[in-house]
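2 protein chains.
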Amino acid sequence: MMTRSELVRQIQAKKSVLCVGLDPDLAKIPQHLLLEEDPIFAFNKAIIDATHEFAVAYKPNIAFYESLGVSGWTSLRKTLDYIPKECFTIADAKRGDIGNTSAMYARTFFFTYEFDSVTVNPYMGSDSVMPFLGFDGKWAIVLGLTSNPGAEDFQYFNSGEMHLYERVLDKLKGWGTEDNLMVVVGATRPTDLARIRERMPRHFFLVPGVGAQGGNLEDVLNMGWIEGEGGLLINASRSILYASEGKDFALAAREEARNVQEAMEAWMRAQ
Amino acid sequence: MMTRSELVRQIQAKKSVLCVGLDPDLAKIPQHLLLEEDPIFAFNKAIIDATHEFAVAYKPNIAFYESLGVSGWTSLRKTLDYIPKECFTIADAKRGDIGNTSAMYARTFFFTYEFDSVTVNPYMGSDSVMPFLGFDGKWAIVLGLTSNPGAEDFQYFNSGEMHLYERVLDKLKGWGTEDNLMVVVGATRPTDLARIRERMPRHFFLVPGVGAQGGNLEDVLNMGWIEGEGGLLINASRSILYASEGKDFALAAREEARNVQEAMEAWMRAQ
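These protein sequence lines map, in sequence, to chains A and B. Heads up: the first sequence runs through residues 4 to 274, numbered per the working numbering. Heads up: the second sequence runs through residues 4 to 274, numbered per the working numbering.
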C-alpha cells in the first residue's frame, strides 16, 4: 500500500515521475536469458536493478505474464517481491465487470498479489469501478483517454455537450477521491491532456505513450504537472526494456531511464 | 475451436441455448468440498457432470480463478479439459488493451488455454478488439449493452443520433463477422434487446442476467431468437451453481438446468 503523500515524497526525492512498464516478451528479451531457469524474472530483475534509481513506479503488464500460464504468474510474483518497497506498483490489467466479479479482481491484485494499484476499464459503469475503491493505500487507475489509435472510436463519442471520456472523468470524480483514484490519460494527445487537467486539477494521471508510441515528454509535463506534487506517473515500456537487444540490455535500459529522469529533473528546475 | 455451424448443430440437438457460468466461490460452494484436494475443480466437475446434458456452453468467470493465484489457474485448466468437447467454451475475462497487449490476451485464452472464445471490452476501440479476430473457429464476444446497473452510466451516453452502445454495435459489424464475433447483451433490458436484434440480425448474442440478476427467459427468447439457428447463448451462473448449499448441490443444479432447458424447448416448439 502507498498513500498519496508517500508517493509525492518519493517523486520529490528522486526528482522523477518515471514509471517503467514491465512487458517482458520472450520473443524480444535478449536471447541469452532463455537459458535461465526463469527468463522473465531474470530479465525483470536486471531491468529493476538498472532503473530503480530513476523510477518511482513499476507497471507489470499482466497480459505478458498471463499468456505464459502458471509459470508467468510465478514470474510475476517474484518480480513484485523484487521491486523496491519505496516504488509504487501498478497491475496493468484493465479489469472491470459486474460488482461481485470486480470485487474478485480487486482481491486478486490488492491481496493475492500485493499491488498498490490496478488499471480499470470504466465501460460497465459505477458497480464495475466502485469495488476497487475503499482500500487504504490502494488505488484504482481508470481509463480516461487512452494513447492508442482506437481511442478515437468511442472515447471521443460526443453528446454535443461533451465527449464520452469527459463524461467518464466527471463520473469518476464522484466515485473516488484524489487519494484512491487515478486516471489513464495518453501522452499522444497533449491538448486534450491540458483540458483534462483543468477538469481534474488534483488527481494523479498515469500517462502512457511517451517513447515507442510517440508522445512528447515536455508536452506532458507542461500540460499535466501539479505544482509541488507532480501529479503524474509517466510510463515508458518498450523504449527502456528493449533499448538494446544484446547482453548490454540492462546498461542500455539504465541509460535510457537516466535520460528520461534527467529530462524530468531539468524540466522541474526550470519551473 | 468451434465454428458457427457446429454451435448451431449442438443447439438443435440439445434444444437448448443454455450457457452455464462457472463462478466457483470458495465462500459459497458446499463446505464439505473444502476437504477435497482441489475444491474448485471438484465443484466444477460435479456441476459439469450434472448439467452438460442441458447446456451448450460453459463460461468460466476468470476473476474467480485468478483471485486464487496459481492454484486457481490450475483448477481452470482442469475444468477446461473436463468440459465435453461438443460444448462451446467462453473465457469470461473482459479483456482489451492496445494492440500488442490484446494480442497477448488472445494468445492466453485461445492457445495457452484452449477456449473457443473470450469476452472483450470495447472501450479502447478498434486496435483493442481486432487482435481477437481472425483465428479460425475462435470468437471475440464483445460487450455491447451489459446487464448491470452501471450500464446506465456510459453505455446509454447519447450523441442525439444514438447511444454509445449502438455506436459500439455499428463499429463491431465492420470489424468482425457473424463467424468470429458475438456481442454481450444483458437480459435485464428486453426492449433494448429487440432493437439490438434489429441492428444486428445475424450475430450471436451472449445474454447474461437471467436468474440471479432478474432477467426473464421468455422475453429474451422472444426478442433475440434467430430462426433456425438460435443466435443466443443465455447464461445462468449463481441460480444453477448455488441452487442448493448442501451435499445435494449437484442434483439441485441439474434440476435447475433441466428446468431452464425444458422452458427453452417448450418455447421452441411453440414457434
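Hints in this document: simulated from the structure, not taken from any laboratory. Be careful, since some hints might not be right.
As the list makes no split between identical chains, a pair holds if one copy fits it or if it spans any two.
Unchecked claim - Cross-link-like lysine-lysine pairs, in silico, DSBU-like; alpha carbons within 35 Å at most:
| no. | residue 1 | residue 2 |
| --- | --- | --- |
| 1 | LYS141 | LYS17 |
| 2 | LYS141 | LYS31 |
| 3 | LYS17 | LYS48 |
| 4 | LYS81 | LYS31 |
| 5 | LYS48 | LYS174 |
| 6 | LYS81 | LYS141 |
| 7 | LYS250 | LYS176 |
| 8 | LYS174 | LYS31 |
| 9 | LYS174 | LYS250 |
| 10 | LYS250 | LYS18 |
| 11 | LYS88 | LYS48 |
Against the structure, the hints:
1. LYS141 / LYS17: Answer is within; shortest intra-copy Cα gap is 22 Å, inter-copy 47 Å.
2. LYS141 / LYS31: both (32 Å within a copy, 26 Å between copies)
3. LYS17 / LYS48: Classified as within; 20 Å inside a copy, 53 Å across copies.
4. LYS81 / LYS31: Both ways: LYS81 and LYS31 sit 20 Å apart in one copy and 31 Å across, limit 35 Å.
5. LYS48 / LYS174: neither (39 Å within a copy, 42 Å between copies)
6. LYS81 / LYS141: Both: 20 Å inside a chain and 33 Å across chains, each within 35 Å.
7. LYS250 / LYS176: neither (46 Å within a copy, 47 Å between copies)
8. LYS174 / LYS31: Classified as between: cross-chain Cα gap 33 Å, same-chain 39 Å, threshold 35 Å.
9. LYS174 / LYS250: For LYS174 and LYS250, the Cα distance exceeds 35 Å both inside one copy (48 Å) and across copies (45 Å).
10. LYS250 / LYS18: For LYS250 and LYS18, the Cα distance is within 35 Å only inside one copy (29 Å; across copies 60 Å).
11. LYS88 / LYS48: For LYS88 and LYS48, the Cα distance is within 35 Å only inside one copy (14 Å; across copies 41 Å).
Violated hints, listed in ascending order, are 5, 7, 9; each of the other numbered hints is respected by the structure.
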